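Enquirer: Here are the chains, one letter per residue:
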Amino acid sequence: MEERKALIKIKPKSYADGEIVKVDFMVMHPMETGMRKDKKTGQIVPAKYINSVKFDYNGKIITSMNVWESVSVNPVFTIYMKVNGAGNLKVTFTDSTGEVNESSIEIKPKG
Amino acid sequence: MQRRKFLSLGALAAVATMVPASLSALDFRATKPDVWTAKTVNDGIAKLFGKVATPSDAIKLTIPKVASNGGQIPVDIATDIPAKTVALFQDANPESAIMVWNVVEGSVVDYSLKIKMKKSGSMTVVVEGKDGKLYSTTKSLDVALGGCEG
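So the sequences go chain by chain: A and B.
With the first sequence counted from 1, adding 567 to any position gets you the numbering used here.
With the second sequence counted from 1, adding 203 to any position gets you the numbering used here.
Because the hints were derived from the structure by calculation, they are not lab data.
Zero decoy hints are in this set.
Not the full set, but computed from the structure, chain A residues with beta-carbon under 8 Å of chain B:
#1 W635
#2 T645
#3 M648
Calculated from the model, a selection of chain B residues having no Cβ within reach of chain A, i.e. all distances over 12 Å:
#4 T243
#5 K254
#6 D260
#7 A261
#8 S323
#9 K336
#10 A347
Simulated restraints, written as ranges between beta carbons of each label pair:
#11 B/K342 x A/G609: 35 to 41 Å
#12 A/R603 x B/S271: 18 to 24 Å
#13 A/K572 x B/N245: 36 to 42 Å
#14 B/P267 x A/I587: 24 to 30 Å
#15 A/V612 x B/S325: 24 to 30 Å
#16 A/D605 x B/P285: 44 to 50 Å
#17 A/S581 x B/N245: 42 to 48 Å
#18 A/K607 x B/T243: 33 to 39 Å
#19 A/D605 x B/K263: 36 to 42 Å
#20 B/D260 x A/I611: 41 to 47 Å
#21 B/P258 x A/K675: 39 to 45 Å
It should be emphasised that the depicted structure is a prediction, and the values quoted were computed from it without experimental measurement.
Every residue gets a Cβ at the ideal spot worked out from N, C-alpha and C, and that includes glycine.
Bound conformation, chain A alone (with noise of 0.2 Å):
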């Protein structure tokens, strides 16, 4: 299992309890459509892609999302989220290959 860079980036950085956030979460991937032929070697590059991510607040979910080849390379997922609380949020992503990967953040509302 290869480790993925990401980085889980909540807007504005300090929030108080109740309040809306934005939730940016960035990955490092290929994201590869197995359509594409690599230009050297003339061989189809095997598609390679993030199919599930799942944002889970606290043990439970709220967003999942079911993803296809379409999206972009190093994709950006953003989702606005409502702060309920002082907890973890942890993303999981799950990749064409059977690759799982995780990463988690603290929230930490002010106040």
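Position chain B relative to chain A; hints supplied.
Expert: The following block gives chain B in isolation, referenced to the frame of chain A:
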């Protein structure tokens, strides 16, 4: 610190934590594999929802009129309709489905992402409301440089 701790747990822990998550979330890849191979937008909608969508003004789909780079087309979707499922389709690539969101009670339907398109075409957003009706919006765009050539 947490990340390091997490990584050391390895694949076993990742699989173990995945199980409850995959049970409670809808996976269209497993339940509706036909959507994955649908070639046209209408075909995709029919296979995913089994109904015909009616055009609606309540869905906001924001895309550029002309995309200079087909590999990075920004798409914003927002709606006030109480939704159950949101799906995005396009008609330029060989497979029409791009993404399906499962909306959980109380969450905000406002998503952005970047997609790639082979040539000029149109994009369709379908929102399945809690009342069971389908709403859709279509917008077309020009792609200057195809995004699937690598």
